[in-house]
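J.: These are the residues of each chain, in order.
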Amino acid sequence: MKLNNIKLFAVAILVTMTAYNCSNDDDNNGGPTGPDFSGTYAQQDQMGRPAVNTVFVSSGMKDTFNTTVPSQQNASFQAMFENNLTALSPAYANPGDANALGLDAPTFTGLLATDVLNVSLDGETTFFNPNTGATLTGRALADDVITIELLLIFGGEDFTENPGLSNDNVDANDKPFLTSFPYLASPW
Amino acid sequence: MKKTKFLIATAILGIATFVAIAADHIDAPAVQGGTSDITDFYAFQGENTSNIAFVANIQGLLGSGSDTQNAAFDENVMIEFNIDNTGDNVEDLVIQAIARDGKMYVFGPTAPVQTGLNSTIVSNTANQVVVDITPYGQSAIVASSGGMMAFAGPRDDPFFMDFAQYGQIIGGNAASFNNPGTDTFAGSNVLSIVVEVPKSMIGGSGTINTWVESKRRQ
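So the protein sequences, as listed, match chains A and B. For the first sequence, position 134 matches number 134 in this note's numbering, and the numbering has no gaps at all. For the second sequence, position 41 matches number 41 in this note's numbering, and the numbering has no gaps at all.
To be clear, the hints were calculated from the coordinates, so they are not data collected in a lab. Every residue, glycine too, gets a C-beta built ideally from N, C-alpha and C. Where hints are given, some of them may not hold.
As the list claims (entries may be wrong) - FRET-style restraints, in silico, Cβ to Cβ:
id: 1; chain 1: A; residue 1: Ala134; chain 2: B; residue 2: Ser139; range: 49 to 55 Å
id: 2; chain 1: B; residue 1: Thr115; chain 2: A; residue 2: Thr64; range: 33 to 39 Å
id: 3; chain 1: A; residue 1: Asn83; chain 2: B; residue 2: Ser145; range: 27 to 33 Å
id: 4; chain 1: B; residue 1: Gly102; chain 2: A; residue 2: Asp158; range: 35 to 41 Å
id: 5; chain 1: A; residue 1: Gly96; chain 2: B; residue 2: Gly102; range: 57 to 63 Å
id: 6; chain 1: A; residue 1: Pro95; chain 2: B; residue 2: Asn178; range: 32 to 38 Å
id: 7; chain 1: A; residue 1: Pro163; chain 2: B; residue 2: Gly171; range: 17 to 23 Å
id: 8; chain 1: A; residue 1: Asp171; chain 2: B; residue 2: Asn173; range: 19 to 25 Å
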């Protein structure tokens, strides 16, 4: 067993070195036996923005949402998202109601139904930074994404509606993040 | 023995299901509590501002101690970061991560063989890095190659939320959040894969659309 591990390790190193040396000729599929990466892998779960499947997808459809490609999610799920949003939040009860981004229920759910995270390659990356105004340019570890989403769902046009529902009053992680890679705190 | 432990862990996760479902933790029946359950996804500019870091967390709500000690990456589950840099929400590039014998193999960013729900692993791409999976209780092991960095192993769950009170509100048992709230995810761990790549590998400038998938070998 131990010998096997050592052998596997040696093979892995060999393969790594071979692959590294052959970067101009990397279709060496008939090369030495390394780890087996063959086969087809079929989708089970997916995620773009935080909490979207949990909050906006009706129970019974959550697995379907996880196995619908993003380019087809809007057509399949926007109407459901809008129904669930208006049922959930009194901030969209009246015609013309919108959130602080100026998005009414159809527009907001149209954005959310395509569950991808937009990430800027040109600067600040944050879900929302009230100090700089940067919005949906990424998701940083410290971003209080739940309060941001609660504000956009319940807070109305100026973040003042339904104050008891617009902030869970948990504003930070229970362990500080690291400034350097891998950024996440060590486990408990 | 191992089976017993697994059954106990399953039972605990089953109970936990009633307690917490947030961010993407235990979001859907087919994956909840399993080795392909994505709990969270982050993408942000790295400490080196020429880079973007991608974080995929799986198998959430691991308690401190044996619960985290016994958690492992499933060698049949591939985690795939998808990157669309043409604005059509179809992946132009993927970064694939899969465990083999104590190591996490990371392939890409590279064009996928095919887009969509089924994937094959692009193990012959020039962009790749292999890192030892960091054992529980040890310092983070980081590997780098060609400007890329990779980490895989247990970490504190970076997600925070008063999910319990949210459940009370949704269930009609409470009218508002508490102040201060209680972080339902305090003290719990996840298995993390962190990959940092130069922006030049994923489009250079502009905005990308990105999402993460778990895919199981058929």
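J.: If a hint holds in the structure, say so; if it doesn't, say that too.
T.: Results of checking the hints against the structure:
1. Ala134/A / Ser139/B: 49 to 55 Å: Distance hint for Ala134/A, Ser139/B is violated at roughly 33 Å.
2. Thr115/B / Thr64/A: 33 to 39 Å: violated (19 Å)
3. Asn83/A / Ser145/B: 27 to 33 Å: violated (48 Å)
4. Gly102/B / Asp158/A: 35 to 41 Å: Violated: the Cβ-Cβ distance is about 53 Å, outside 35 to 41 Å.
5. Gly96/A / Gly102/B: 57 to 63 Å: holds (58 Å)
6. Pro95/A / Asn178/B: 32 to 38 Å: holds (33 Å)
7. Pro163/A / Gly171/B: 17 to 23 Å: holds (20 Å)
8. Asp171/A / Asn173/B: 19 to 25 Å: Between Asp171/A and Asn173/B, where Cβ atoms are some 24 Å apart, the hint holds.
Hints 1, 2, 3 and 4 from the list above are not met by this structure, while the remaining hints are.
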